[in-house]
Amino acid sequence: MALSIPYLLSIITFLPLLGAVVVMLVPGDGAKKWLALATTLITFVVSLLLWTNWQEGQAGMQFVEDAVWFAPLGIRYALGVDGISLFLVLLTTFLMPIAVYFSILYVDKKIGPYMALMLLLETAMIGVFLALDLVLFFVFFEASLIPMYFLIGEWGGKNRVYAAVKFFLYTFAGSALMVVAILIVYYSTGTFDIMKLQSTVIPPAVQTWAFLAFALAFAVKTPLFPFHTWLPDAHVQAPTAGSIILAGVLLKMGTYGYLRLAMPVFPQAAEQFGPLLAILACVGILYGALVALMQKDIKSLVAYSSVAHLGYVMLGVIAMNAQGVSGSVLQMVNHGLSTGALFLMVGLLYERRHTRMLDDFGGLWASVPVYTGLFLVVAMSSAGLPGLNGFVGEFTIMLGTYEYMPIFAVLAAAGVILAAWYLLTAFRKMAQGPITNPANDSSNLKDLNIKELIMVVPLVLLFFVIGLFPNLFFDKINPSVEAMLETRTAVMQAATAEQMPALQLAEIVVTEAK
Amino acid sequence: MLDSVWLLFAFPALGALIILFAGRWMSQKVVGWVASAAVLGAFLVAAGLYLSLVGLPAEERSVTVTWWDWMTIGSFHVPAAVLIDPLSAVMALVVTGVGFLIHVYSIGYMDHEKRYQRYFFYLNFFILAMLVLVMSNNFVGMFVGWEGVGLASFLLIGFWFDKKDDLYGWYADCGKKAFIVNRVGDFGMILAMIMVWSTVGTLVFTELPEAVHALAPATATIICLLLLLGAAGKSAQIPLYVWLPDAMAGPTPVSALIHAATMVTAGVYMIIRTNMLWHMSVPASEVAAWIGMLTALLAATIAMVQTDLKKVLAYSTISQLGYMVAAAGMAAYGAALFHLVTHAFFKALLFLAAGSVMHATDGILDMNRLGGLKTKMPTTYRTFVVGAAALAGIPLLSGFFSKDAILVAALDHNILLYVVGAVTALLTAIYSFRAVFLTFHGEPKDKHIYDHAHESPSVMTIPLWILAFLSIVGGVINLPFVLTLDHWLEPVIGEHHEAALVIELLGITLSIVIAVFGFLMARALYLRHEKWAERLAQPFTALRSPAQHGWYVDDFYHAFVVKPIKAVGAWFAGFFDPKVIDGAVNGVGTVMLDAGEVVRKLQNGAIPTYALSIFLGVVAVLLYFLFVA
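Line by line, the protein sequences are chains S and L.
Whatever position you read off the first sequence (first residue = 1), add 6 for the working numbering.
Whatever position you read off the second sequence (first residue = 1), add 944 for the working numbering.
Wrong hints could be hidden among the right ones.
What the hints assert, rightly or not - EDC-like cross-link-like pairs, simulated, lysine to aspartate or glutamate; straight-line CA separation at most 20 Å:
no. : chain 1 : residue 1 : chain 2 : residue 2
1   : S       : K435      : S       : D366
2   : L       : K1107     : S       : D303
3   : L       : K1510     : S       : D303
4   : S       : K435      : L       : D1109
5   : L       : K1475     : L       : D1498
6   : L       : K1058     : L       : D1306
7   : L       : K973      : L       : D1055
8   : L       : K1107     : S       : E492
9   : L       : K1391     : L       : D1310
10  : L       : K1318     : L       : E1434
11  : L       : K1108     : L       : D1306
12  : S       : K435      : L       : D1117
13  : S       : K302      : L       : E1387
14  : L       : K1523     : S       : D303
15  : L       : K1108     : S       : D447
16  : S       : K302      : L       : D1117
17  : L       : K1058     : L       : D1106
18  : L       : K1510     : L       : D1498
19  : L       : K1510     : S       : D365
20  : L       : K1108     : S       : E492
21  : S       : K435      : S       : D453
22  : L       : K1058     : S       : E409
23  : L       : K1389     : L       : D1310
24  : L       : K1320     : L       : E1230
25  : S       : K452      : S       : E357
26  : S       : K202      : S       : E492
27  : L       : K1058     : S       : D303
28  : L       : K1107     : L       : D1117
29  : S       : K116      : S       : E357
30  : S       : K435      : L       : D1390
31  : L       : K1108     : L       : E1151
32  : L       : K1107     : S       : D365
Quick caveat, the hints were computed from the structure, so don't treat them as lab data.
Just need the whole structure built from these sequences, with the hints factored in.
Spelled out as structure tokens, the structure:
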């Protein structure tokens, strides 16, 4: 019997917020920096208690906290974690110290507000993954927008204001739809309880509209083709730590939204629109990869690769079978780690050379071998090399997708070719070939130091751990996924049973009319 | 002994880790010997495994050692486990045995190389990945090794990533091409694995023979054709062979180890390993037989006219791999593996001997500039001749028996296939000796090169001698009518299909005639320049130029595959994405902003405040709705 810790989830969620307040209050940049790092590290350690105290094999929510927030409408402050959200929470708490430490090394401007915003962001992201109440979910979902908006707008690159506003307004437009959807759901079911909604039969007409609204909101966030154009702008302009978090965690809020809300709460609508979404996901995989292939800026290459990779996650979610969904959950983590690591590597290079243009590099393998070797491992993880993390997720997703509709698995598998192509093209231009620019030679370009390795190495080790021992994760993911799928099937059957008499009646009427 | 199979992997893994982390403080020699020792250790383990298997009764020679559960989701399950059986034992012996010799040779060959640490790290990593490939007891585990060796190949082809020459262009591009073309094959592998699991419910090789009976023939055909695509990638068959000639940009020992003896045979190994699937589909097997045989012929025609020695050997490798794939397609799995083993010996030998020439000529292998080296490099010459003779199928050498086994199978299977195979055999004999004569005989064509040529050190020549010995006697593992290898493999591939005695004898006779005639032809053409031979070759001169350019297949792919894809990508990236999709987004945005312009002026103009107020507004609206309701 695992030890239960009261308010553990609240502690994990609001520790960063507390840290943000303290960071704003303490004087001195140094103190602010290290306090912020300490906060994220403590949050990470505390979040590991979720892993150590996990009740193996249990499908339902664990560490649940439930308090009335606003009684008249039944809005509750309800937090809980299951196999689907566990690793997203851990991903967040794991990536944050890395992002913060990178910022400590390389960000100088207005460090107090910067760190406070980072910590605020962490609270919002964790909250999204833990919330069991729709309103609470929405509040956290929206709250995550603001810190990211400021991080891009204040600490970003040349075109930061445009990118920040675009990021904000685009996602925000999606959120506006979500408000409407939440209200529709509430009026038709009378509850904001996400888990309860999953087992509630919702009338088909309501399902369709609510699903579309949610789907659109999450499609922007994910981003699903063709709602992706804010992403490259945001990534290219965002500071490195912002990119790491944006790609690593924020995008998962979209796919998580699909998985937790849109797909299981509106099963019939989801089934109806599934093929359409799958087409968009496949287009995203191939289109994202082709556009990535042509990019000259490494950051925008990685951004487009995210569009492709999130397409895989979407496919698994749409497939709504055990292999697809479990694979997707793991792939969300994988993408967070791999793409987070890619942005980290790009950031490390940018801080040295102040350029991200592929053509400005060449021959790095001769001058900075440690950096380049690690970059290759990260790229291979992203390209889905078996033995590393990405493969496990992609392969199981394709298994699930094949069971769903074979053609999508074929298209997804074609994306694997392109992934190798664009990643190796980037590698070829950066690392191989001769050193043409003296700024790239070993006397001017320093290889990674210990401080930087501290950020990169844990990520790389995790690639191997997940790639070789994915069952450490699947063991916890699977029960929750299977339970969700069972509930979904039961709800679908109940719904058909309800609609059956009406259908039969209609048939009788029709035959009699003839 | 069988339980200590983990040692097989531990040795190269440890070697790789030592070199990676401690190599920078070691000298070139020490690093080389550490790497070699690691592979020697693995070879001894492999030998132990082999002997343990021999000690078991035939029906018990299939031992699975499970390490851990790798992936489990619902009914999908893949273990991390190895399968020790006659097939994997032979493969492990070849990989570690030939691998060890090439490691040792590399110590001499790479003695002036500054990046020796990387080189030997890659080499040990390759051995590890290759062992994972051949030892895994399931498809997905095999695929880990499959792509792992691909990565090693990429790293080693582009080992001189900052080098460029007329023959290869940028070496780094050759490595990239190899990886991407192989990924096309992997596309087939991934889909095949998915389909196998989805239709028969397991990916474990030992469970497949039972499970495949549920397979519909049409599904089996699709699966096998997808596997064939995978094999075509890794084993350089039509239509994906184009990466292998460029792969010769890598250091020559790498060409010997990866691009001749071991990695490129993975496709053949895979077909043999999955023979239960191929039994379910006659059409797919036929396609494999034809793809293999036509690849053999096509590559042989190109090898005839190459002037770079390594390119001759590269096309020859493609050609010989074609034989193996063809044999596998004809269900002559024993013959396929037989040729795989003997080819590993004599082709590794040929490459290493060519490397020895390169070592002496400062990297020059253009046969138009060589010649007369036999007195300067007697050991290299003698061993090269042994390799070439084995490749040519000169009677009693290993290559003779193994190629004959395939040709007999073809004669028994389909006379057309046999004719293609026989013509290829003739071309093989001619180009093998052409290479010998142009490189080692005649007058030196480049005085400077000739004067500076010297025999290689013994760390390089000893592996040559050992491989030469194996190339001569290697045939004994599966002599016709004795069939040791075929019987050994029975637990994996079932009983050997005996061809009628008359076909066996006819095949052998023709094989002898072809090889001898090929040799005489080459001697007449390239050594003595005799009239009759030149007259005989006359009609083919028109084919010379297109064959030299590889029948323009690369240009075709470039024009009709690579360029169109890039054009589409460029259009997406340059126009469609920014103008159409993002244009629409910004269009909507502009309209909105124009409409909001009046309101916006009421604000203080600071974007953050603006954004924040939107958020607060929405929250207010939300709360309002909630309260009113």
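Going through the hints against the structure:
{"no.": "1", "hint": "S/K435 to S/D366", "verdict": "holds (9 Å)"}
{"no.": "2", "hint": "L/K1107 to S/D303", "verdict": "violated (25 Å)"}
{"no.": "3", "hint": "L/K1510 to S/D303", "verdict": "holds (17 Å)"}
{"no.": "4", "hint": "S/K435 to L/D1109", "verdict": "holds (18 Å)"}
{"no.": "5", "hint": "L/K1475 to L/D1498", "verdict": "violated (35 Å)"}
{"no.": "6", "hint": "L/K1058 to L/D1306", "verdict": "holds (16 Å)"}
{"no.": "7", "hint": "L/K973 to L/D1055", "verdict": "holds (8 Å)"}
{"no.": "8", "hint": "L/K1107 to S/E492", "verdict": "violated (58 Å)"}
{"no.": "9", "hint": "L/K1391 to L/D1310", "verdict": "holds (14 Å)"}
{"no.": "10", "hint": "L/K1318 to L/E1434", "verdict": "violated (44 Å)"}
{"no.": "11", "hint": "L/K1108 to L/D1306", "verdict": "holds (15 Å)"}
{"no.": "12", "hint": "S/K435 to L/D1117", "verdict": "holds (10 Å)"}
{"no.": "13", "hint": "S/K302 to L/E1387", "verdict": "violated (52 Å)"}
{"no.": "14", "hint": "L/K1523 to S/D303", "verdict": "holds (18 Å)"}
{"no.": "15", "hint": "L/K1108 to S/D447", "verdict": "holds (19 Å)"}
{"no.": "16", "hint": "S/K302 to L/D1117", "verdict": "holds (18 Å)"}
{"no.": "17", "hint": "L/K1058 to L/D1106", "verdict": "holds (13 Å)"}
{"no.": "18", "hint": "L/K1510 to L/D1498", "verdict": "holds (16 Å)"}
{"no.": "19", "hint": "L/K1510 to S/D365", "verdict": "holds (18 Å)"}
{"no.": "20", "hint": "L/K1108 to S/E492", "verdict": "violated (59 Å)"}
{"no.": "21", "hint": "S/K435 to S/D453", "verdict": "holds (18 Å)"}
{"no.": "22", "hint": "L/K1058 to S/E409", "verdict": "violated (51 Å)"}
{"no.": "23", "hint": "L/K1389 to L/D1310", "verdict": "holds (10 Å)"}
{"no.": "24", "hint": "L/K1320 to L/E1230", "verdict": "violated (48 Å)"}
{"no.": "25", "hint": "S/K452 to S/E357", "verdict": "holds (11 Å)"}
{"no.": "26", "hint": "S/K202 to S/E492", "verdict": "holds (14 Å)"}
{"no.": "27", "hint": "L/K1058 to S/D303", "verdict": "violated (32 Å)"}
{"no.": "28", "hint": "L/K1107 to L/D1117", "verdict": "holds (10 Å)"}
{"no.": "29", "hint": "S/K116 to S/E357", "verdict": "holds (18 Å)"}
{"no.": "30", "hint": "S/K435 to L/D1390", "verdict": "violated (37 Å)"}
{"no.": "31", "hint": "L/K1108 to L/E1151", "verdict": "violated (49 Å)"}
{"no.": "32", "hint": "L/K1107 to S/D365", "verdict": "holds (18 Å)"}
In summary, the structure is inconsistent with hints 2, 5, 8, 10, 13, 20, 22, 24, 27, 30 and 31 from the numbered list given earlier, while agreeing with the others.
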